[in-house]
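Peer 1: Chains as they are written, first to last, in my numbering: chain U, 538 to 868; chain Z, 228 to 506.
Just so you know, the hints here were simulated from the structure itself, not pulled from any lab data. No experiment lies behind these values; they were computed from the predicted model shown. Hints should not be assumed to be uniformly reliable.
Said to hold, decoys possible - Listing some non-contacts, in silico: residues in chain U with all C-beta distances to chain Z over 10 Å:
| # | residue |
| --- | --- |
| 1 | N720 |
| 2 | R813 |
| 3 | E818 |
| 4 | D831 |
What the hints assert, rightly or not - From the structure, some residues in chain Z lie toward chain U, with a derived Cβ separation under 8 Å:
| # | residue |
| --- | --- |
| 5 | T236 |
| 6 | G313 |
| 7 | Q427 |
Here a beta-carbon is modelled for each residue, glycine too, at the ideal position from N, C-alpha and C.
So you can see what is in the structure, the chains are spelled out below.
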Amino acid sequence: METLSRPTSTTGESAETRAIAIQTTGLTKRYGKDVLAVDDLDLTVYEGEIFGFLGPNGAGKSTTIDVIMDYVRPTDGSATVLGYDAQDETREIHERVGILPDGYGLYDRLTGRKHLEYAIALKQSDDTVDDLLGRVGLDAAAADRVVGGYSKGMMQRLALAIALVGDPDLLILDEPSSGLDPNGVRLVREIARDHADRGKTVFFSSHILSQVEAVCDRVAILNRGRLVAIDSIDGLRDALGTGSTVTLTVDAVPNSLTLEELAGVSDVAVTGRTIRVRVDEATAKVDVIDRIRDDGAAILDVTIEESSLEDLFSAYTGDAPPRVDASEVGR
Amino acid sequence: MTLVTIWLTIARKEFADALRSRMIWGIVVIIAVMTSLSAGISLLVPDVEGGAEMAIGGASQFAGLLVPIMALIAAYLAIAGERESGSLKVILGLPPSRGEVLLGKFLGRSGVVAIGLALGFVVSGVVTAVLYGGLPVGAFIGTTVLTVLLGVSFVGIAIGISAVTATRARAMTLAITAYLGLTLLWDLAPNAVHLLVTGQMPGGVVPAWFLLLQGLSPTGAYNALVQWLLLGGGTAVEARIGGPAPSYLDPAVFLGILLAWAAVPLLVGYLRFRRADLS
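Whole structure, please, built from the sequences with the hints as guidance.
Peer 2: Here is the structure:
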């Protein structure tokens, strides 16, 4: 995880000292009798953090955001945003929140510029269109064309610019990187970071873990409508014990290999002159190398592989096929 | 931002969209051509007591059929289309409430239909004046205003339909149903009731309630009001029912019916749309 200039959240900090940006309490959303899109979700996002909202497609991420934005009404439970009730104080929320919704559309016959002028008028902000265009990397010539001719990436940038209108206290990005090239993906991260650096909150939903890993202070993992984990990425890694794999090539494997006695080592496998050691704690890596030398082998090569977030993710969400989210069926 | 400016902003955008899509010019041209033609046709029919009033009456008959379908087309996708495309999520993610979106759309589209109809009528008014060598200005302006009201009623119906449907296809089905039901089938209903009550089809003189039944639909109310305007007060009604007109055949009643057809569907649409899940 990258070093961030602002204070990152720590799980131990007491809730009273930090203002809450989003809070859901027992939030449940049922579509019809059979589809339980969100199931008793308790979630707290603090002001000033970049919060990653992870989960496979259909896990209920968009439905949660739909309730937060009052696009849908919860079956049970409640949500507050910046201290306002999501269902009763929608105006107050929408004046302070910017959203890039999932499954949004734009007006084909309007230019990008007109879209932004409209959003600025409705939010009564004093943004200038060109500033917004600059922030999302959309050039002025493109902004003067109608959106009907835009590529997916250009539409995504424009929608992102609309979300930024009025410099919102809370920026909600639902799958912001879809349709973007690597430059665009980096841009989304920069916007999120820039926003958080100014003390604002970013709520970043994604099913692609690498995007969240790079920017988020904390993440929640949602699966089948339920919260399965909430922590920092490092915290999740520690909790799961899916550490790293140390692969060593030695001149000869010692007869008395005592690696398994080491604290933090979970598995040892020997193939020919290669020893693969799974470690759960970062400090165990050096211990492994020292112990092999003590056992009398010369080390010719060492590689260390961190377990990927994908491993982490599948450990939490299992291999179960994602349940179809009703909000995605409707489209 | 105050409530007023938000829905005004939305209404203004709706209006600008209609200009851009040339929808408004379509309305102008169709109304101008069709009403001018129907005004002209009165001249060609022999033995008909001509006159500019008759020409305006003929034009209003055409308008009674055309205006509903144009207003429905102009507005039935206003909300359902945005809901299906997802642009509604962008707008509702901004400060406007659902009620303000609904109101802004109703006003914007009503403005489009009203201006389109008024311009179309101006053209046919000029044509009528040339053909008949004069134009009864009061009757003409009155008919134009009533036609605009008819258009606004159907915009209200269309926005109501658009608010209760989640897809374009459903909105279209309901809009077609509304058109057939309110303009074509409704004419049959009073006859059927007359047949049931009296055992025969309505003749030259009909009971007063028969005229009320006819005038309960937006087009029926419009026709009643245009007749009252062009044929001189209540005399035509009295001739039709063969006696003094009861108070429920007062023009104010039909005006109320016409306005209610705009307001009630809007209100029903709002109540459903306000609580709807938009995903």
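Peer 1: Now, for every hint given, state plainly whether the structure supports it.
Peer 2: Structure-based check of all given hints:
1. N720: holds (24 Å)
2. R813: R813 (chain U) clear of chain Z: closest Cβ-Cβ about 47 Å, beyond 10 Å.
3. E818: Its Cβ never comes within 10 Å of chain Z, the nearest being 44 Å, so this holds.
4. D831: With a cut-off of 10 Å, D831 (chain U) remains clear of chain Z, as the shortest Cβ separation is near 61 Å.
5. T236: Holds, about 5 Å.
6. G313: holds (3 Å)
7. Q427: violated (52 Å)
Against the hints set out earlier in the document, a violation occurs for number 7 only.
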